[in-house]
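Trainee: Residues per chain, in single letters:
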Amino acid sequence: MVEASVIVLGIMALFALSSTIATYLAITERSLVKAVLYSAVQSTLYALIYYLLMAPDIVLVYVPVSVGLYPAIILMLIKKTEKEEEG
Amino acid sequence: MLEVIAIYLGQALIAIGVFCDLIAAIGLLRFPNFYLRLHAATVGTIGGAFVPLIGAALLAIGSTYLGAYRWFIAGGALVTAIIVLILAPAGSHALARAAHRSRAAVVEPKVVDYLEEDEVSKSG
Amino acid sequence: MRRLLGLLVIVLFITLFALVIASGGLGYEVPPLRVRELARQFLIYAYNPFNTTFTAKSPEAVTSIVWDFRGLDTLFETLVFYLAIIGALSLYRGVESERRTEVISLGLSPIVKTVTKVTTGIIIAVAASIALHGHLTPGGGFQGGATAAVAPLLILIVFSKYFLENLGLRKNVLLALRSIGLLGIGMTAFSALIVGLMANSPAYVFQNQPKPDAPVGLPAYIGDSLISGTLWFFNFFEMFAVAAGFTVIFLLLGIPEGEILKQLKEEAEEH
Amino acid sequence: MKELISTFIIAVLPIYIASFTLYMVRALRGPTVPDTVLAIDAMTFDLAAFLVILAIFFESPILVATAIVLALWIYSLDIYVAKYLEAREMGE
Amino acid sequence: MIDVFTFLFTICMLSIVVNLGISLYGVLYKPSLIKKIISLTIFSDSANITAIIIGYVRWRNPGEIAPPVLLNPNPTLEDIEEFAKVAVDPLPQALVLTAIVIGLAVTLFLVFLTLQIYRFYGTTDVRRIAKLKG
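Heads up: the sequence lines are chains P, C, H, S and F, in that order.
Note that this note's numbering has the first sequence beginning at 1, numbered continuously upward.
Note that this note's numbering has the second sequence beginning at 1, numbered continuously upward.
Note that this note's numbering has the third sequence beginning at 1, numbered continuously upward.
Note that this note's numbering has the fourth sequence beginning at 1, numbered continuously upward.
Note that this note's numbering has the fifth sequence beginning at 1, numbered continuously upward.
Heads up, none of these hints are tricks.
Stretch by stretch, here's where chain P covers chain F in the computed footprint (C-beta under 8 angstroms, at least three residues):
| hint | region |
| --- | --- |
| 1 | 25-33 |
| 2 | 49-59 |
| 3 | 114-122 |
If you're looking for bench data, these hints aren't it; they were derived computationally from the structure.
Think of the CB as a built atom: it goes at the ideal place given N, C-alpha and C, for glycine as much as any other residue.
Can you make the complete structure from the sequences, with help from the hints?
Mentor: What follows is the structure, encoded as structure tokens:
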């Protein structure tokens, strides 16, 4: 029987590593819409990490802000300006 | 006695949900284009989220060691289940409609597209 | 060359941080076995019926830190929020958006519109429960306000900007709502002081529960329900300030670009 | 009873993690924008169910509120991307 | 010899620090202003999560960790002491809470500035903006 704390920490480490991949893709991606979506993946993973760190207050404020508000703002901005980053 | 039944029923529902979840993930990875992946996503949202949420509500009702707060978990799980049941199909619908209209997800060897023909005949 | 130098600096930064963790910069047991002494004090005094000198009478430690133990911090953070919103608004000075009443044809499909109508009610209910229960369960003014701000944004996206304005949520109404929220926060901060002046006894700004040298304070209970003195009022007003402040920004972002460019050109011709 | 529930949840966890990893591969690889959004969507709805199960596992009932919020907001991401693809202006 | 718990925790922490580094690179060296804003949000999120991680507590027995909310409405002194032993640190949470909302407000201000720059110069590329005169 594996100890429960090790399992939870393992999940947290896995999600942190995945968030690193998502961040790397978000920074290097040429298309700005895809960059916003990768950043949304990263936000979802961070929300789970906050949950596992026992901070429900932060999850309650982080999820509306970074999943509900940031993508809308950045997509509005992209719609009004440019769709692609210049090389 | 009722608690034990609730626990076993909840565990069965969660097991079904996990199975659906894995199937949906494999399908989402293996299917070749966007319109086929929509089917897998439906399995993932309704089968993989709605069913285990109902199961979690039953499991919470059965876990008497949590005291009166187990009703809190059960209520939260039920509300989440209803929200998923309302929102997931609407979101998929909006996405599929936008993807078809804006030609964001084009299927390359296209055999037939009745929706497009309808729109062309309506506008023309 | 400059890019290489920057990369080098960033790699050094990561290495330094790793070194700090490895050499015990966060304590030799990572993570520590017990919370630090300051945090322990906060946890013990957050809801403590046996010690009426320091307690905030709120079972939630985070809310009691935000609005009681470190209330002045939060007040000035709210000021920063207010100034950022004002700065954004001042870039849009003089831009008027036109009114439209014919809005049925705009927006997404009818299925999504119907679902959003149902969902908006759920969102407002969830936001209110998060904010007004913030001193008992996780939540509070900031969480409730951020949650409530998504509802107008969803209406703006799914229907249109004009639909939101026809509902009565115009720029000036929202600005008034936000000002009422901020005024309420200020009034609540001074309430214990005003009560103390009237009762002719010493009192402090941001005082919540009675202290040994200042026996006035706001009641912790109304009837049988715990409201934790000032915390309930702070959460309530903060929700209005945050939600209305964000909504006014989205309303300005939703103005079509062609209209703004036309108005800017007219303004340039006048000068 | 407690043993039964926690053993079952520990047995279920690896399958959830495996499916999250597969969803994530599709979300990060997805050739088009709708594919990515679809994968994020399915992943987050499952994550909401996962959070409720974890709340039973941790025996902390108040953690449930996070699942409601997560399930509500991921819908808005769909709507934003749909509007972005479909409409000429985001405000109209 | 470190135990598994510390090892996994350190992996988690270092991934976040690598995130900080990557997003710092994005803020400093990406030419597009929109990309800079996206990088800045990731940077502030990573900084916030570092603060929360510092407040985490090691589990002594399995299941002995709780959010900093007291669930018992009528506690005795022993209950409060026990709560202070299992709960995580609430202070970083209270600071990060306001930091997230203010970060959003500041980002909105930056978005409006970017929009204004695009209206006057017709581009969001900093290299081309730097070449323009007037």
